[in-house]
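Chemist: Can you make the complete structure from the sequences, with help from the hints?
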Amino acid sequence: MLEITEVSFSYPGQAPALNKVSLTIAAGDFIGLAGRNGSGKTTLTRLMVGLAKPSAGQVILDGKPTRECGPKVMARSIGYVFQNPDRQIFRDTVATEVAYGPEQMEWGEAERRQAVAEALAMTGLTEVAEAYPRGLPRSVRQRIAIASALALRPRLLILDEPTSGQDAVEKNQLMQLLGTLNRQGIGVILVTHDMELLLEHTRRTVVLHRGQKVYDGPTGALFADPARDVTVWGLRVPDAAAIAAKITSLNEPVQSMAELADRLKESLEEKTDEEPGAPL
Amino acid sequence: MEAVRFEDFSYQYPKTGQGLDRVTLSVPQGSFTVVTGTNGSGKTTLCLAMTGLVPHFFGGAMSGRVMVEGYNTADRAVADTAANVGLVMEDYESQLVALTVFDEVAFALENAAVPAHLIRDRVLAALESVGLAGLEERELSALSGGQKQRLAVASVLVSRPAILVLDEPTSALDPEGAADLYELIARLNREQGITVVVSEHDLARALPHADSVVVMAAGRVALAGPLNEVLTRMLSEQVYDAAVPSLRRLKAALETEQRQFSAWMTAGEAAAEINACLKSTRRLSLSA
Amino acid sequence: MKSLAPLCNLLLMIMVSIWTVLLWDPALLALLLALELGLLAVAGQLGKLAKALFGLFMVAMFFAAIQLPFDVAVATAVASGLKMMVMTVAVLLMLATTRLPSLTAALVRQVRIPYEYAFMFTSALRFMPDFIAESHAVREAQVCRGYVHSKNPLKRIVAYAASVEPMVLRAITRSDTMAMSLELRGFGSVNRTFSQQIAFQTRDYLMVGFLALVTAAVIVCR
Numbered sequence: 002m003l004e005i006t007e008v009s010f011s012y013p014g015q016a017p018a019l020n021k022v023s024l025t026i027a028a029g030d031f032i033g034l035a036g037r038n039g040s041g042k043t044t045l046t047r048l049m050v051g052l053a054k055p056s057a058g059q060v061i062l063d064g065k066p067t068r069e070c071g072p073k074v075m076a077r078s079i080g081y082v083f084q085n086p087d088r089q090i091f092r093d094t095v096a097t098e099v100a101y102g103p104e105q106m107e108w109g110e111a112e113r114r115q116a117v118a119e120a121l122a123m124t125g126l127t128e129v130a131e132a133y134p135r136g137l138p139r140s141v142r143q144r145i146a147i148a149s150a151l152a153l154r155p156r157l158l159i160l161d162e163p164t165s166g167q168d169a170v171e172k173n174q175l176m177q178l179l180g181t182l183n184r185q186g187i188g189v190i191l192v193t194h195d196m197e198l199l200l201e202h203t204r205r206t207v208v209l210h211r212g213q214k215v216y217d218g219p220t221g222a223l224f225a226d227p228a229r230d231v232t233v234w235g236l237r238v239p240d241a242a243a244i245a246a247k248i249t250s251l252n253e254p255v256q257s258m259a260e261l262a263d264r265l266k267e268s269l270e271e272k273t274d275e276e277p278g279a280p281l
Numbered sequence: 005m006e007a008v009r010f011e012d013f014s015y016q017y018p019k020t021g022q023g024l025d026r027v028t029l030s031v032p033q034g035s036f037t038v039v040t041g042t043n044g045s046g047k048t049t050l051c052l053a054m055t056g057l058v059p060h061f062f063g064g065a066m067s068g069r070v071m072v073e074g075y076n077t078a079d080r081a082v083a084d085t086a087a088n089v090g091l092v093m094e095d096y097e098s099q100l101v102a103l104t105v106f107d108e109v110a111f112a113l114e115n116a117a118v119p120a121h122l123i124r125d126r127v128l129a130a131l132e133s134v135g136l137a138g139l140e141e142r143e144l145s146a147l148s149g150g151q152k153q154r155l156a157v158a159s160v161l162v163s164r165p166a167i168l169v170l171d172e173p174t175s176a177l178d179p180e181g182a183a184d185l186y187e188l189i190a191r192l193n194r195e196q197g198i199t200v201v202v203s204e205h206d207l208a209r210a211l212p213h214a215d216s217v218v219v220m221a222a223g224r225v226a227l228a229g230p231l232n233e234v235l236t237r238m239l240s241e242q243v244y245d246a247a248v249p250s251l252r253r254l255k256a257a258l259e260t261e262q263r264q265f266s267a268w269m270t271a272g273e274a275a276a277e278i279n280a281c282l283k284s285t286r287r288l289s290l291s292a
Numbered sequence: 013m014k015s016l017a018p019l020c021n022l023l024l025m026i027m028v029s030i031w032t033v034l035l036w037d038p039a040l041l042a043l044l045l046a047l048e049l050g051l052l053a054v055a056g057q058l059g060k061l062a063k064a065l066f067g068l069f070m071v072a073m074f075f076a077a078i079q080l081p082f083d084v085a086v087a088t089a090v091a092s093g094l095k096m097m098v099m100t101v102a103v104l105l106m107l108a109t110t111r112l113p114s115l116t117a118a119l120v121r122q123v124r125i126p127y128e129y130a131f132m133f134t135s136a137l138r139f140m141p142d143f144i145a146e147s148h149a150v151r152e153a154q155v156c157r158g159y160v161h162s163k164n165p166l167k168r169i170v171a172y173a174a175s176v177e178p179m180v181l182r183a184i185t186r187s188d189t190m191a192m193s194l195e196l197r198g199f200g201s202v203n204r205t206f207s208q209q210i211a212f213q214t215r216d217y218l219m220v221g222f223l224a225l226v227t228a229a230v231i232v233c234r
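Protein chains in written order, with this note's numbering: chain A, 2 to 281; chain B, 5 to 292; chain C, 13 to 234.
Bear in mind the hints are in silico, worked out from the structure with no lab data behind them. A quick note: this is a predicted structure, and the numbers were derived from the prediction, not measured. Every residue, glycine too, gets a C-beta built ideally from N, C-alpha and C. You may find that some hints are simply not true.
Simulated DEER-style distance windows between Cβ atoms [said to hold, decoys possible]: (1) A/A228 with B/P119: 53 to 61 Å; (2) B/A117 with C/S162: 35 to 43 Å; (3) C/I144 with B/N43: 28 to 36 Å; (4) C/V160 with A/A28: 21 to 29 Å; (5) B/A120 with C/R234: 38 to 46 Å.
One side only, chain A facing chain C, incomplete, derived with CB under 7 Å [claimed, not checked]: (6) V74; (7) A76; (8) R88; (9) Q105.
Residues from chain B that keep clear of chain C, each with C-beta distances beyond 12 Å, as calculated [to be verified]: (10) E6; (11) N43; (12) R69; (13) G229.
Modeler: Written out as C-alpha cells, the structure is:
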C-alpha cells in the first residue's frame, strides 16, 4: 500500500539523513525498523506520514504520489504514534481526546461516535472513556495515543519506540495489543531498540545505517546468519538467537526464548526419560 | 559500613498518598544495586529518598529514617546530602540548567563557593571521566541525548559523591548507548569505589554489572539481595517474574533436580553449557 | 570584542544606544551601522545573522515609510528607521560577542544584580530551544491526526490554544525537575563563586576611555 522509491532527505547544512532508501510496505505487514539513534529511522517515518517532504524520490500511497496529499489524506491511511504520548494529549476526557481526529475529518456525529467507540474498544479503554487522561498511568496514555490514531481507521500504524518507559508487564500487554491489531488487518511498523521484541513480534525487519537501508528481510534470518555482524549497525543479537546459533542440533532459527526453551527441553528430555538410575 | 540504610521508612506524597511503605533496606558501600519493579511501585521514590528530596522537596508524611553515609537525611539540607549522593534523574535534560557544558558542571561548585582557581581542574576531570573531554565550550543545545546524560553524570560527579543514583537512565538510549552508559558507571564503581544504585526496567542490561537487586512492589521492598539469588526467587516466587532476563528464564526452564547450570551472564556461557549437556545426552542415547 | 570584559561590552552597547538617541544625521547613523556590521563580520556572526538582519532592515524601512504621510521630513524618517536598526544591532552584537554566563557573572558581581534574577534570565534562554522544539512536536502530533492549518484566523487561534495545554503541563513537570536539580546543587547559597574571567584589563579601560571621548564629542557637536 505504501511505496518508497529512492528517497533521500537532508537537513540543511548536514550530511544526508536518508540516502536513496527504497521500501515497499504491503497491507497487513508487521515490520520492525531498527538502527542506531541518528541512523535515519525517525526521518523515514516522518516522510511516510508526510511530516517532511523528501528532497529526492517519492513516497507513493496506493499508487498516488503523496507530495500533493494533505495531512488529512495521510492521517486517514497512516496513523503515527509518537514516543511521548504527552505531546499529543490535550483534552479533558479520554473519549474527547480520541475524537479529535474524527472531528478534524468533519465526519458526521454518528460516524464520529462510532469511530471513537471502536477505537476505545480495540485498545481496551472503554471503561476509562470519561477519565482525565493525564491522571492515568503512562502505559494507558500510550494506549490513548494509539486509540487516537485508530479512530481515523488507518490501515497502517507507525509506532516510535512505544515500549520506552514501560515496565515488563506493560510491555507484554502492549505487544499483545499490537498483535491483535495486526491480526485484524492493520499494518504495523515498530521503531524499536528492543531486539527481543523485534525477534519475537515482527516478521520483517528493515535496518538503517547512516541513512541507508542495509537490511530488509525476515527478522529471524537477520540474527541467524553467523556471517552477518549486526553490531556494526548498532544492533545486538537477542540472547535467544545468539544461543540458538551456537547450538548445532537446532537447524531452524528461533523466534523467542520461550520457543528455544521448549525445543531444548525436548532434546534434553530424550535423555531424562531413561536417566534416573539407568546403568551406563 | 552501609552507604545507604532505610530503617522502617514510610512516606506518603502529599497529594496522592502513594509512596513507600515500611521500607527496610541496606545498600553496602561499593555495591552496584539495581532497583526494579512495575511502574508506580516506588522505584523513583526510593531513589529520591536517598537524596533527601523525599521528604524535603515534596513535603508529605514520613516515619522511620533514611541514613546516608551515617547521616539522617531528614536532619540535613538537601544540598548537604547531595555532597554524598549524586542523582541523575529520569528527565535528565530538565536537570541541566546552564547554557554551556563547562558552566553546567561548574554550577554546583560555584554554588558551594569553591575558589574559582580550583573549579576549572575539577570540572575538566569530571568531564574527562564521563568521556566528554574537549566539549567544555559546547552549548547544551548542540549535544545529543546521550551526551546530555553523560553531562548530567559529570555535573553530579564533580561534587565527588560517594554514592551515585540513576533513575531509569537507559530508557531513551539505543542498545550501544545503554551498554556504554553501563560500562561508564561500572567503571566508576570499580575504579573509584563509588556505590551505584540504578533503577531499571530492563534487567538484562544491568546483568553483567550489578551485584544486588531490589524488587519493589506497591511501595514495599518485595525482594532484595544478591543478584543471582533474587533473580531465582523472582521466578520461583513469581515476584515481577516478567522482568527476569530471558537468559535466566531459559536456565530455569531447562533445570531439573539432576540438571543444574551455573549463573549465566552471557549467551556464550549458556550455549557452551547447553551444548555440553546435549553432547552427554547423545552419548547416553547412543550407549543405550 | 570577544577579548573585552563582558561589562565593557555591555557598556559599549549602552553608549552606542545613547549616541543613537542623540544623533539625527542619517549619514552618521549609517556610518555607525556600517561599523557595527563590520564588527559582527569580524566576530564571524554576519553570515549566521544575515536572514534576521534582512528582516530587521525591512521592518526598519517600513517604520520609516509609515512616517512619511504624517508630514515628516524624509531625512528624519530615514534617521528614525536607522536608529531602530542601529540599536537592535547593538544588542545583537553584544549577545554575539559576550558569553552569557560571563555576562551573568558581570551583572551579579559588578552591577550587583541579585543572582536569582540573573539566573532566571539565563535559564529562560537555556530552555527556549527546548520550548520551540516542544511546540513543533505538539503541532506535528496534531497534523498526524488530520489537523489542517485553517485560513480562518479564529479557527487558527482555537487550534493554537489546543497546543498550549500540553506545553504548559510539560513546562510544569520540567520546572519541577529543574527545581529539584537546583536544590540538590545548592542553588541560592549566600556565598557564590563565578569561574568566569570578568575583571577589567588594560584594553577594557582603553575602550571605556574611547567611549567617553566619543560620547563627549557627540554631545558637543549637537
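Chemist: Indicate, hint by hint, whether the structure satisfies it.
Modeler: Taking the hints in turn, this is what the structure says about them:
no. : hint                           : verdict
1   : A/A228 with B/P119: 53 to 61 Å : 59 Å, holds
2   : B/A117 with C/S162: 35 to 43 Å : 56 Å, violated
3   : C/I144 with B/N43: 28 to 36 Å  : 30 Å, holds
4   : C/V160 with A/A28: 21 to 29 Å  : 26 Å, holds
5   : B/A120 with C/R234: 38 to 46 Å : 44 Å, holds
6   : V74                            : 9 Å, violated
7   : A76                            : 4 Å, holds
8   : R88                            : 5 Å, holds
9   : Q105                           : 4 Å, holds
10  : E6                             : 21 Å, holds
11  : N43                            : 16 Å, holds
12  : R69                            : 20 Å, holds
13  : G229                           : 29 Å, holds
Taken one by one, the earlier hints fail for this structure at numbers 2 and 6, listed in ascending order.
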